[in-house]
Amino acid sequence: MAERPEDLNLPNAVITRIIKEALPDGVNISKEARSAISRAASVFVLYATSCANNFAMKGKRKTLNAGDVLSAMEEMEFQRFMVPLKESLEVYRREQKGKKEARKDKDKKADSEEQDKSREEDNDDDDERMEEEEPNDEEEVDN
Amino acid sequence: AEMAARLSENRLVSLPLSRIRVIMKSSPEVSSINQDALFLTAKATELFVQYLASYSYKHGRGKEKNALTYTDLSHTAEECETFQFLADILPKKILASKYLKMLEKEKRDGEVGGDDEEEEEEDEAE
Chain A
1 MAERPEDLNL PNAVITRIIK EALPDGVNIS KEARSAISRA ASVFVLYATS
51 CANNFAMKGK RKTLNAGDVL SAMEEMEFQR FMVPLKESLE VYRREQKGKK
101 EARKDKDKKA DSEEQDKSRE EDNDDDDERM EEEEPNDEEE VDN
Chain B
1 AEMAARLSEN RLVSLPLSRI RVIMKSSPEV SSINQDALFL TAKATELFVQ
51 YLASYSYKHG RGKEKNALTY TDLSHTAEEC ETFQFLADIL PKKILASKYL
101 KMLEKEKRDG EVGGDDEEEE EEDEAE
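Sequences listed follow chains A and B, in order. Count the first sequence with the UniProt record's numbering and you get residues 1 to 143, in order. Count the second sequence with the UniProt record's numbering and you get residues 1 to 126, in order.
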């Protein structure tokens, strides 16, 4: 499967913003440095994915799950990420749950009113939709 | 916990999940990725960018000029074990003139039978 080179890159503006947040105010970041960090980030994703996939395969699963990614971070010696990652995951799960419930309510209303009209509105959130419909069979639920 | 989880502009994650997903899927052995795993990878990547940048700045010489330079990054890849997986994509730079000198020296050493002189240290092109 051939990807165009730019598809494997992350957006420059976002990378730059993240870098600036990590450095003291006013520090200059050369274009070369920014570009290098962006490439490093893509390599990091690949490395992390490969590592996480090993854990999934060990567990005889075909779907990468949250636990696999966390295990990968530990394996790659990024233990310092564990706490912020787990905290973020909690917030993310709550947000996703909230969104799902909001959609359910929206759909319920639509069913009792005009069905076709609300279907059209839902198509705007293409990316979000795509992500929500991914199989979540391996999802861990911490209660 | 919620405050700590948020980065730029109070968003939970800034890197686009769709793009992260494209990169992850370019890995041939990966079949599917659960939503949480995708989010965590994106978030981890942001943490990684911050760590790489701040570590390199702290340990590098760029800060003498109030900057983060490519050289700072390549030093990090070479010297810090955690970042060694980046060594190939962040190679050290060398002035062309120095490189040519090195080649000439190696050739001379080959002819004379080798000296105990130390190899010239690599210099970086700025």
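These are calculated hints, taken from the structure and not from any lab test. One thing to keep in mind: the hints can contain errors.
[Stated by the list, open to error] Simulated crosslink set (DSSO-like; lysine-lysine; CA at most 27 Å straight-line):
no.	chain 1	residue 1	chain 2	residue 2
1	B	93	B	105
2	A	99	A	86
3	B	105	A	20
4	A	31	B	105
5	A	58	A	31
6	B	107	A	20
7	B	107	A	31
8	B	107	B	92
9	A	58	B	63
10	B	105	A	99
11	B	107	A	100
12	B	58	A	108
13	A	20	B	63
[As the list claims (entries may be wrong)] Listed next, the stretches of chain A that the computed footprint assigns to chain B, with coverage defined by at least 3 CB atoms under 8 Å from CB atoms of chain B:
no.	stretch
14	38-51
15	69-82
16	98-105
Treat the numbers as computed from the prediction; the structure is a model and nothing was measured. Ideal Cβ placement from N, Cα and C applies to all residues, glycine included.
Quick rundown of the hints versus the structure:
1. B:93 x B:105: holds, 19 Å
2. A:99 x A:86: holds, 20 Å
3. B:105 x A:20: violated, 43 Å
4. A:31 x B:105: violated, 34 Å
5. A:58 x A:31: Answer violated: residue 58 of chain A to residue 31 of chain A is near 41 Å, above 27 Å.
6. B:107 x A:20: Roughly 46 Å separates the two Cα atoms, so the pair is violated.
7. B:107 x A:31: Not satisfied, since the Cα-Cα distance of roughly 37 Å exceeds 27 Å.
8. B:107 x B:92: holds, 22 Å
9. A:58 x B:63: violated, 44 Å
10. B:105 x A:99: The given pair, whose Cα atoms are some 67 Å apart, is violated under the 27 Å limit.
11. B:107 x A:100: violated, 70 Å
12. B:58 x A:108: Given that 27 Å is the threshold and the Cα spacing comes to 55 Å, the pair is violated.
13. A:20 x B:63: Status holds; Cα separation ~14 Å.
14. 38-51: holds (count 12)
15. 69-82: Holds, because 8 residues of the stretch 69-82 of chain A bring their Cβ atoms closer than 8 Å to Cβ atoms of chain B.
16. 98-105: violated (count 0)
Against the hints set out earlier in the document, violations occur for numbers 3, 4, 5, 6, 7, 9, 10, 11, 12 and 16.
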